[in-house]
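Student: The chain contents come next:
Number of protein chains: 2
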Amino acid sequence: MPRSTPTSPTSPTPGRRRSGRPGHDADSVLHVAARVFNERGYDGTSMEDLARALGVTKSAIYHHVSSKTELLSRSLDLAMDALFEVTREEGSTTGPAVDRLEHVLRGSVRVLVEQLPHVTLLLRVRGNTEVEKRALARRREFDHLVAALVREGIADGDIRGDVDPAVASRLLFGMVNSIIEWYKPDRGLGGEAVADTLALIAFEGIRTGPKPR
Amino acid sequence: MPRSTPTSPTSPTPGRRRSGRPGHDADSVLHVAARVFNERGYDGTSMEDLARALGVTKSAIYHHVSSKTELLSRSLDLAMDALFEVTREEGSTTGPAVDRLEHVLRGSVRVLVEQLPHVTLLLRVRGNTEVEKRALARRREFDHLVAALVREGIADGDIRGDVDPAVASRLLFGMVNSIIEWYKPDRGLGGEAVADTLALIAFEGIRTGPKPR
Numbered sequence: 001m002p003r004s005t006p007t008s009p010t011s012p013t014p015g016r017r018r019s020g021r022p023g024h025d026a027d028s029v030l031h032v033a034a035r036v037f038n039e040r041g042y043d044g045t046s047m048e049d050l051a052r053a054l055g056v057t058k059s060a061i062y063h064h065v066s067s068k069t070e071l072l073s074r075s076l077d078l079a080m081d082a083l084f085e086v087t088r089e090e091g092s093t094t095g096p097a098v099d100r101l102e103h104v105l106r107g108s109v110r111v112l113v114e115q116l117p118h119v120t121l122l123l124r125v126r127g128n129t130e131v132e133k134r135a136l137a138r139r140r141e142f143d144h145l146v147a148a149l150v151r152e153g154i155a156d157g158d159i160r161g162d163v164d165p166a167v168a169s170r171l172l173f174g175m176v177n178s179i180i181e182w183y184k185p186d187r188g189l190g191g192e193a194v195a196d197t198l199a200l201i202a203f204e205g206i207r208t209g210p211k212p213r
Numbered sequence: 001m002p003r004s005t006p007t008s009p010t011s012p013t014p015g016r017r018r019s020g021r022p023g024h025d026a027d028s029v030l031h032v033a034a035r036v037f038n039e040r041g042y043d044g045t046s047m048e049d050l051a052r053a054l055g056v057t058k059s060a061i062y063h064h065v066s067s068k069t070e071l072l073s074r075s076l077d078l079a080m081d082a083l084f085e086v087t088r089e090e091g092s093t094t095g096p097a098v099d100r101l102e103h104v105l106r107g108s109v110r111v112l113v114e115q116l117p118h119v120t121l122l123l124r125v126r127g128n129t130e131v132e133k134r135a136l137a138r139r140r141e142f143d144h145l146v147a148a149l150v151r152e153g154i155a156d157g158d159i160r161g162d163v164d165p166a167v168a169s170r171l172l173f174g175m176v177n178s179i180i181e182w183y184k185p186d187r188g189l190g191g192e193a194v195a196d197t198l199a200l201i202a203f204e205g206i207r208t209g210p211k212p213r
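For the protein sequence lines, the chains are A and B, in the order given.
So for the first sequence, full-length UniProt numbering puts the first residue at 1; every next one is plus one.
So for the second sequence, full-length UniProt numbering puts the first residue at 1; every next one is plus one.
Think of the hints as simulated: they come from the structure by calculation, not from any bench.
Model, not experiment: these values are computed from the prediction.
Treat the hints with care, as some may be off.
Calculated cross-link-like contacts (lysine to aspartate or glutamate; reagent style EDC-like; alpha-carbon spacing at most 20 Å) [what the hints assert, rightly or not]:
no.: 1; chain 1: B; residue 1: K133; chain 2: A; residue 2: E181
no.: 2; chain 1: A; residue 1: K184; chain 2: B; residue 2: D143
no.: 3; chain 1: A; residue 1: K68; chain 2: A; residue 2: E39
For the chain A half of the interface with chain B, some residues (derived, Cβ under 10 Å), not all of them [claimed, not checked]:
no.: 4; residue: V98
no.: 5; residue: G161
no.: 6; residue: F173
no.: 7; residue: V176
no.: 8; residue: V194
no.: 9; residue: A202
Using N, Cα and C, we set each Cβ at its ideal position, and we do this for glycine too.
Using the sequences provided together with the hints, build the complete structure.
Tutor: So this is what it looks like as structure tokens:
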């Protein structure tokens with residue numbers, strides 16, 4: 001699944017939609033679908049609603065996907081694929097665990113900011129259908145990966161031994177995931193600035209002065 | 001509004017419901033209503049559903065409240081009242097701003113753990129009705145209070161000057177609010193332990209060794 005186009009975060013560009021590049025089209029459809037699902041709820045959204053939001057006919061959507069379920073499934077996969085991609089980057093696989101953890105946290109912030117509608121959909125999934133259950137299982141797999149990094153960092157002596165690895169990973173990703181609640185792409189705050197503040201809080205804490213030993 | 005009974009977190013105790021203590025009854029009704037709203041969605045819940053979940057008749061519910069809207073309104077108020085109560089405690093009003101911030105964060109964790117269904121409802125509100133809009137306005141007021149403490153802590157030199165106060169408060173409360181997603185009251189993890197790990201991350205960071213100056 002190609003990345004969504006950063007220049008059209010909330011609506012497809014008609015000129016592009018007519019350009020005959022099917023990859024881009026499928027992408028726009030998916031992006032708008034995720035946005036509408038987030039606004040109206042998945043159950044409350046019909047293919048009719050999606051067609052209206054896209055300014056196309058229902059059959060134009062069916063050119064790309066076979067069903068509403070497929071749109072949900074692809075959107076959730078796009079979000080999870082991007083998160084797992086971060087865990088395979090060099091910064092996540094080489095070096096001390098504490099640095100790999102920082103790489104995963106920063107990369108996750110980047111994914112959330114870049115794929116906001118898809119990750120928002122992912123984080124609101126409650127496991128009501130098979131597609132949602134599969135997404136939740138992948139989220140748990142990701143959570144375990146992060147908790148393992150925290151444990152490894154503690155074993156290395158680079159992460160404080162008085163943090164509970166499971167609780168700490170939940171809280172660290174609580175910070176990351178909160179981005180879907182408050183981040184507004186159009187307010188000039190870049191993903192990198194959010195990642196910097198998050199990494200500062202997570203690894204150094206906001207208090208000045210020497211850490212209590 | 002009296003606090004919900006910690007010993008009956010998810011269902012009313014029939015013996016108690018019949019004990020003729022109307023305060024307790026209203027409390028149980030509210031607690032169960034919040035839980036059912038969270039499970040089925042507010043719009044998807046009828047007074048009939050609530051009566052079934054409580055094991056009482058609809059008229060027994062109407063003994064306590066006049067409408068479903070009133071239940072929502074009271075539940076959201078209970079959550080926000082408890083959070084604002086924290087900001088009026090001595091630890092939140094005296095001493096250096098950085099310590100007051102820690103008090104507010106720890107107190108908020110306690111409120112989330114103790115009032116989980118009500119705060120869960122509060123954090124899922126999207127502002128679709130007047131009642132929801134009012135709750136969102138109170139949340140914003142609370143957020144501003146927290147951001148002001150961060151700014152004051154920076155001015156005092158106790159909080160690092162390289163954190164953006166608005167982003168930092170969002171992220172800190174991202175940790176707090178994530179509790180509604182993962183905290184399970186029955187798994188032996190106390191609110192105090194969560195607050196300790198959260199305060200450690202927020203103020204000292206998880207990395208060992210001296211902080212970079």
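Student: Indicate, hint by hint, whether the structure satisfies it.
Tutor: Checked hints:
no.	hint	in the structure
1	B:K133 / A:E181	holds, 16 Å
2	A:K184 / B:D143	holds, 16 Å
3	A:K68 / A:E39	holds, 15 Å
4	V98	holds, 6 Å
5	G161	holds, 8 Å
6	F173	holds, 7 Å
7	V176	holds, 8 Å
8	V194	holds, 6 Å
9	A202	holds, 6 Å
In this structure, every one of the numbered hints holds.
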